[in-house]
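A.B. asks: Sequence:
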Amino acid sequence: MYSPSEILAISIENGQKKIEKTWIAKWILGFIGGAMISLGYLAYIRVSASIPADLASVQALVGASVFPIGLIVILLAGGELITGNMMAVSTAWMAKKVSFKELLLNWLTITLANLLGAFFVAYAFGHVLGLTHSGVYLDQVLSLAEHKVNVSWEQAVISGIGCNWFVGLALWLCYGAKDAAGKILGIWFPVMIFVAIGFQHSVANAFVIPAAIFEGSLSWGEFFRNFLLVYVGNILGGGVFVSGFYYLSYKGH
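Numbered per our numbering, the sequence shown spans residues 989 to 1241.
In case anyone wonders, no lab produced these hints; they're calculated from the structure.
All values reported here derive from a predicted model rather than from experimental measurement.
There is no bait here: all hints are sound.
DEER-style ranges, computed between Cβ atoms:
#, residue 1, residue 2, range
1, 1220, 1184, 15 to 25 Å
2, 1066, 1111, 15 to 25 Å
3, 991, 1013, 29 to 39 Å
4, 1232, 1122, 40 to 50 Å
5, 1123, 994, 43 to 53 Å
Built from N, CA and C at the ideal position, the CB exists for glycine as well.
With the hints as constraints, model all of the structure from the sequences given.
C.D. replies: This is the structure in structure tokens:
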């Protein structure tokens, strides 16, 4: 395991590399990132939906245990996820390795590509293939989506902070591990915790809320309100609570 100051240097380097990727690579890897997070969420729904409601804690734990596969694939096989970039690119910006304009353009590109990937999984696998179209799976999707859009704006933002604090820590631990097993464990547990708690992830929400919309529930207005509020929270969680805190703590060491 690398030391915290070494992990900071790796985070800065990785943030800079994210900016330097070609335009087509950003779009392809961003699509993959959105799709993989969505497939992790789809796995959550498929394994937890049949567990009785009176075993809610077991349901949450079982679902949370499979959700991290999405981020594991992104970080080990290749992919770009905006919540990860909120941490890594922010660190590079704080170190003055990238400009604020480059940061914003990267975030915009990866966000749009992530949305395409998430919408694709929600429509193609959820609706057309029918994996979230009926029965307990549809009930689970509607319950999850309705809960997310019905929270207050303060709750959405704060939930987004909690989520990306853990996702940012997952990246931090992944960057700090020296082998694949260490990276997988470093990703798995922080992501599992944020999912089990119920914190909101903007890209994951871009799967489950549209999945409900494609089945005739909720509206696109409700989705975009939720997405923007959670997105702001995700920026704060990754860019301040991880990048900012660790940069201030370990820069120059």
